[in-house]
Amino acid sequence: MPKHLLIVESPAKAKTINKYLGKDFTVLASYGHVRDLVPKEGAVDPEHGFAMRYETIDKNEKHVEAIARAAKAADDIYLATDPDREGEAISWHIAEILAERKLLGDKPLHRVVFTEITPRAIKEAMTQPRAIASDLVDAQQARRALDYLVGFNLSPVLWRKVQRGLSAGRVQSPALRMIVEREEEIEAFRAREYWTVEAEVAHPSQSFTAKLSKLDGKKVEQFTITNADAAEDARTRIAAAAGGSLRVTDVASKERKRRPAPPFTTSTLQQEAARKLGFTTRKTMQVAQKLYEGVALGDEGTVGLISYMRTDSVNLSQEALGELRDVIARDFGTASLPDKPNFYQTKSKNAQEAHEAVRPTSALRTPAQVARFLSDDERKLYDLVWKRAVASQMIPATLNTVTVELAAGSEHSFRASGTTVVVAGFLAVYEEGKDAKNAEDDDEGRKLPAMKPGDNVPLDRIHADQHFTQPPPRFTEAALVKALEEYGIGRPSTYASIIQTLLFRKYVEMESRSFRPTDVGRAVSKFLSAHFTRYVDYDFTAKLEDELDAVSRGEEDWVPLMEKFWGPFKELVEEKSESVDRSEATGARELGIDPKSGKPVSVRLGRFGPYAQIGDKDVDEKLEFASLRPGQSMHTITLEDAIELFKLPRTLGESNGETVTVGIGRFGAFAKRGATYASLKDKEGDDPHTIDLARAVFLIEEKEEIARNRIIKEWDGHDVQVLNGRFGPYLSDGKLNGKIPKDREPASLTLEEAQQFLAETGKPARRGFGAKKAVAKRAVEKKAATKKAPAEKKATKKTAAKKAPGKKTATKKAAKKAYVSPHPEPAQPLLTPAAASQVGKRVVKKKDAPPF
1 MPKHLLIVES
11 PAKAKTINKY
21 LGKDFTVLAS
31 YGHVRDLVPK
41 EGAVDPEHGF
51 AMRYETIDKN
61 EKHVEAIARA
71 AKAADDIYLA
81 TDPDREGEAI
91 SWHIAEILAE
101 RKLLGDKPLH
111 RVVFTEITPR
121 AIKEAMTQPR
131 AIASDLVDAQ
141 QARRALDYLV
151 GFNLSPVLWR
161 KVQRGLSAGR
171 VQSPALRMIV
181 EREEEIEAFR
191 AREYWTVEAE
201 VAHPSQSFTA
211 KLSKLDGKKV
221 EQFTITNADA
231 AEDARTRIAA
241 AAGGSLRVTD
251 VASKERKRRP
261 APPFTTSTLQ
271 QEAARKLGFT
281 TRKTMQVAQK
291 LYEGVALGDE
301 GTVGLISYMR
311 TDSVNLSQEA
321 LGELRDVIAR
331 DFGTASLPDK
341 PNFYQTKSKN
351 AQEAHEAVRP
361 TSALRTPAQV
371 ARFLSDDERK
381 LYDLVWKRAV
391 ASQMIPATLN
401 TVTVELAAGS
411 EHSFRASGTT
421 VVVAGFLAVY
431 EEGKDAKNAE
441 DDDEGRKLPA
451 MKPGDNVPLD
461 RIHADQHFTQ
471 PPPRFTEAAL
481 VKALEEYGIG
491 RPSTYASIIQ
501 TLLFRKYVEM
511 ESRSFRPTDV
521 GRAVSKFLSA
531 HFTRYVDYDF
541 TAKLEDELDA
551 VSRGEEDWVP
561 LMEKFWGPFK
571 ELVEEKSESV
581 DRSEATGARE
591 LGIDPKSGKP
601 VSVRLGRFGP
611 YAQIGDKDVD
621 EKLEFASLRP
631 GQSMHTITLE
641 DAIELFKLPR
651 TLGESNGETV
661 TVGIGRFGAF
671 AKRGATYASL
681 KDKEGDDPHT
691 IDLARAVFLI
701 EEKEEIARNR
711 IIKEWDGHDV
721 QVLNGRFGPY
731 LSDGKLNGKI
741 PKDREPASLT
751 LEEAQQFLAE
761 TGKPARRGFG
771 AKKAVAKRAV
781 EKKAATKKAP
791 AEKKATKKTA
801 AKKAPGKKTA
811 TKKAAKKAYV
821 SPHPEPAQPL
831 LTPAAASQVG
841 KRVVKKKDAP
851 PF
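Mapping to full-length UniProt numbering: the sequence shown position 475 is 475, numbers consecutive.
It is worth saying that the hints were derived from the structure and are not from the lab. All C-beta atoms, glycine included, are put in the ideal place defined by N, C-alpha and C. Incorrect hints may have been included.
Below, a list of computed lysine to aspartate or glutamate pairs in the EDC-like style, where the Cα atoms sit at most 20 Å apart [unchecked claim]:
(1) K576 to D537
(2) K219 to E411
(3) K681 to E511
(4) K15 to E124
(5) K617 to D581
(6) K380 to E432
(7) K211 to D460
(8) K713 to E753
(9) K564 to E574
(10) K276 to D383
(11) K526 to E184
(12) K681 to E701
(13) K290 to E86
(14) K283 to E184
(15) K526 to E590
(16) K211 to D229
(17) K257 to E432
(18) K276 to E378
(19) K543 to E574
(20) K447 to E405
(21) K40 to D147
(22) K564 to D581
(23) K703 to E658
(24) K211 to D455
(25) K72 to D106
(26) K254 to E405
(27) K214 to E200
(28) K23 to D75
(29) K447 to D250
(30) K102 to E61
(31) K543 to D147
(32) K617 to E590
(33) K703 to D682
(34) K19 to E300
Label-pair ranges, simulated between beta-carbon atoms [stated by the list, open to error]:
(35) P472 to E654: 44 to 54 Å
(36) P471 to Q128: 48 to 58 Å
(37) D743 to G22: 36 to 46 Å
(38) D216 to H689: 45 to 55 Å
(39) K742 to Q470: 53 to 63 Å
(40) Q756 to E621: 53 to 63 Å
Kindly produce the complete structure, drawing on both the sequences and the hints.
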């Protein structure tokens, strides 16, 4: 019977460690956090010292029970969760649960930490147990409480003032502000024209290009030449002065050293994996987690290949340094090895997340040796980590830059540079990726021919090229992570979740691997920047992070920190809830006048997204609404583009004797022929404003073919059908949907079996999933069979007229609810032709106008 219980976070880690510790240990996983704040208001109580109410996370209940049972039988308990504040908090929560259940008694409770999962590291950690670090737990609880209080108090303000369902986060909001401000810079940017002049030099041993550096005796700046006429005039004069050759006036040679980059931290790993591998921050952390937790290496067994991947530290252990130096001497020669190890200084003020940088657990395991045991993504990331760590301990690269000045007459000159590698050093293994190219990059690797002052070199031609200044680039994931780290916003371990939240909330979208803020994201950022300025301020957010780090170091108490934050924040929330008008928060714009109606055209943000409006709600009896197209923004759309939106639905022509139209429904764009509606496919480039008849007919007939193949089996006179669904065959009678046993062939079912299975497994059918009959013919038959006689109709109508007051109120309320969106209702065959003709736009009376 195992005597000891050891608890880690993940089952993969538990499996690996169990092999190292032997039969005396039971190793169980908590599957991450075991408790969290109760998901409702009041979980954090500022009136009583910010007391926090926790509950066990539902999905982890069974894992907690397994830990409790094992703890009851164990002689002692080891908490071996991750070596950061989140891991410390998980250990504390587990200890609290066990104490509440009176399962600890006098059993020893040990906290052990390790930054790599190898037999040596695990066994060494077991010999150095400690108590749970209360300072780290306090820091984690303070962060959690702050995030909770901000979310639960600020989000409802956004619901009322901007749009339902929005959220605001303590760290995500400054990150969103960064992205939005960059987009505003791009929109405000005005391109400037400039020209460059270059000489094509035909040196006998090697041709090369040189850039104009002096014109008419003056240094050439970026905007010295700003139009085609000036460029041609300069080119002509320089060519005349040169007379077919350039004279070398100066040759300068300069050697410089380039030091290797430090081994990876969390943020630099995320940045480099994004630049070189195209990984998202989330993917990087997922793959790194797998490499950390362990990979089966054949006879060697399961071994963690990299050290803990959530770290701010650039330190390396003495053992790791020794192995890295051995590998460098073995594979690259002792000349590539510095006299002593390279040491690096971390930029982080609080590099406590782990003890070391991200590195291979053993540099002796080269990427080539382990490649066959890894997936493609794992291989790529391990290769990156291994090379970066090895390169960090090699000698600097020695580069030689040669710059040559070439005169064209007495008043003009050109300059050419080339950089060559004299000693490769660490560049033999690894070179750090770059976010953007610069002039030095162009020179690097280019070798100029040997020249000396006084030489005349043949001139092939001189050419002038037009350029325009470029706006600042949008943030890529790598660039955003770098900016967040530089500002001190958030912590590297949170960057992936920050980005995922912004994407999930649809505050930003990815466009060409860069972040573009949505109109909703811009509205949220504008509202917070205008009314909660302090709480999206970069310096304030960074200072708060520093104070939380001080709590983790035991230098500051968390409750006074919370009190200092909560008082002013609560007052501001209460004030803004009353004082801010919703119309100020959403970025509405007047675009101009509709030439057809003479009414104003504007763009606004509604409950379901941005839309265009024709008419003024304070003047016009009727208003028209149309949703913006994908990719359009209410901040950049023009009057002409907005008017185009009201041209839906479009009639494309006829097919099979019926009119084919396209429009936009609540769930997207569609094509329609007769009673058939087919969704347009955004991913395939379908656009309701540009789609042609042939493509629309193809989509409609594709939809009809699917419908024809939907019925597997049916029985005359009965509602039960065997249908093909999105997730396989199922049963339906229009009211209930039921399962078919896996061992039964759907087409072989008898009516009695189908009825039995439907009775046993049936659940109410959702609209659109079996709620309507699969074949139009059946629907027509059913309608005919239940058609009321004239007398019956009259009686029904009379009865309906005598509704109770309560019913009348409910009906009126429902009718008002139908006009809450500028988007039309879902495109369904139940729409009448008259209703279908209005799909894509909405005209409503002023009194019924949707509350946008």
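Verification of the supplied hints:
In summary, the hint linking K576 to D537 is supported, as the alpha carbons are separated by about 18 Å, within the 20 Å threshold. Taken as a hint, the K219 and E411 pair is honoured in the structure, with Cα atoms around 10 Å apart against an allowance of 20 Å. Pair hint K681 plus E511 holds up; C-alpha atoms about 18 Å apart against a cutoff of 20 Å. Between the alpha carbons of K15 and E124 the distance comes to roughly 18 Å, so the proposed pair stays at or under 20 Å and holds.
Restraint check: the Cα-Cα separation between K617 and D581 comes to about 17 Å, which is no more than 20 Å; the hinted pair holds. Restraint check for K380 and E432: the C-alpha separation of about 15 Å stays at or below 20 Å, so the hint holds. The straight-line distance between the Cα atoms of K211 and D460 is roughly 14 Å, inside the 20 Å bound, and the hint therefore holds. Taken as a hint, the K713 and E753 pair is honoured in the structure, with Cα atoms around 13 Å apart against an allowance of 20 Å.
For the given pair, K564 sits about 17 Å from E574 by alpha-carbon distance, which is consistent with the 20 Å threshold. For the given pair, K276 sits about 11 Å from D383 by alpha-carbon distance, which is consistent with the 20 Å threshold. Distance restraint check for K526 and E184: the Cα-Cα separation of roughly 11 Å lies within the 20 Å cut-off, and the hinted pair is therefore satisfied. Proposed proximity of K681 and E701 is supported: the alpha carbons are some 14 Å apart, at most 20 Å.
Restraint check for K290 and E86: the C-alpha separation of about 18 Å stays at or below 20 Å, so the hint holds. The hinted pair formed by K283 and E184 fails the criterion: a straight-line CA distance of about 29 Å is larger than 20 Å. Among the hinted pairs, K526 with E590 is consistent with the structure: their alpha-carbon atoms are about 18 Å apart, no more than 20 Å. Proximity of K211 to D229 is assessed by CA-CA distance (about 19 Å); at most 20 Å being required, the pair is judged to hold.
Distance check on the hinted pair: K257 and E432 sit about 15 Å apart at the alpha-carbon level, within 20 Å; holds. Of the pairs offered as hints, the one joining K276 and E378 holds, with about 14 Å between alpha carbons and a cut-off of 20 Å not exceeded. The suggested pairing of K543 with E574 is violated, with an alpha-carbon distance near 24 Å, which exceeds 20 Å. Between K447 and E405 the alpha-carbon distance is near 15 Å, which keeps this suggested pair within the 20 Å criterion.
Our distance criterion of 20 Å between C-alpha atoms is met by K40 and D147, whose separation comes to about 13 Å. Using a Cα cut-off of 20 Å, the hinted pair K564 and D581 is violated, with the two alpha carbons roughly 28 Å apart. At most 20 Å may separate the alpha-carbon atoms for a hinted pair to count; K703 and E658 meet this at roughly 16 Å. Distance restraint check for K211 and D455: the Cα-Cα separation of roughly 18 Å lies within the 20 Å cut-off, and the hinted pair is therefore satisfied.
This hinted pair checks out: K72 and D106 have alpha carbons roughly 12 Å apart, not beyond 20 Å. Of the supplied pair hints, the one linking K254 and E405 holds, its CA atoms being roughly 14 Å apart against a limit of 20 Å. Note on K214 and E200: the hinted pairing holds, with a Cα-Cα distance of about 16 Å set against a maximum of 20 Å. Under the criterion of a C-alpha separation no larger than 20 Å, the hint pairing K23 with D75 is consistent with the structure, at around 14 Å.
For the hint pairing K447 with D250, the CA-to-CA distance comes to about 17 Å; that is within 20 Å, so the pair holds. Restraint check for K102 and E61: the C-alpha separation of about 18 Å stays at or below 20 Å, so the hint holds. Among the hinted pairs, K543 with D147 is consistent with the structure: their alpha-carbon atoms are about 16 Å apart, no more than 20 Å. For the hint pairing K617 with E590, the CA-to-CA distance comes to about 13 Å; that is within 20 Å, so the pair holds.
Straight-line distance between C-alpha atoms of K703 and D682 comes to about 16 Å, which keeps the hinted pair within the 20 Å bound. Note on K19 and E300: the hinted pairing holds, with a Cα-Cα distance of about 12 Å set against a maximum of 20 Å. For P472 paired with E654, a C-beta distance near 51 Å keeps the hint of 44 to 54 Å intact. Checked against the hint of 48 to 58 Å, the pair P471 and Q128 passes, with Cβ atoms roughly 54 Å apart.
Evaluation of the 36 to 46 Å hint for D743 and G22 yields a pass: the beta carbon distance comes to about 43 Å. Range check, D216 to H689: about 53 Å between beta-carbon atoms, so the 45 to 55 Å window is met. Taking the beta carbon of each, K742 and Q470 are about 59 Å apart, inside 53 to 63 Å as hinted. About 59 Å separates the C-beta atoms of Q756 and E621, a value consistent with the hinted range of 53 to 63 Å.
Against the hints set out earlier in the document, violations occur for numbers 14, 19, 22.
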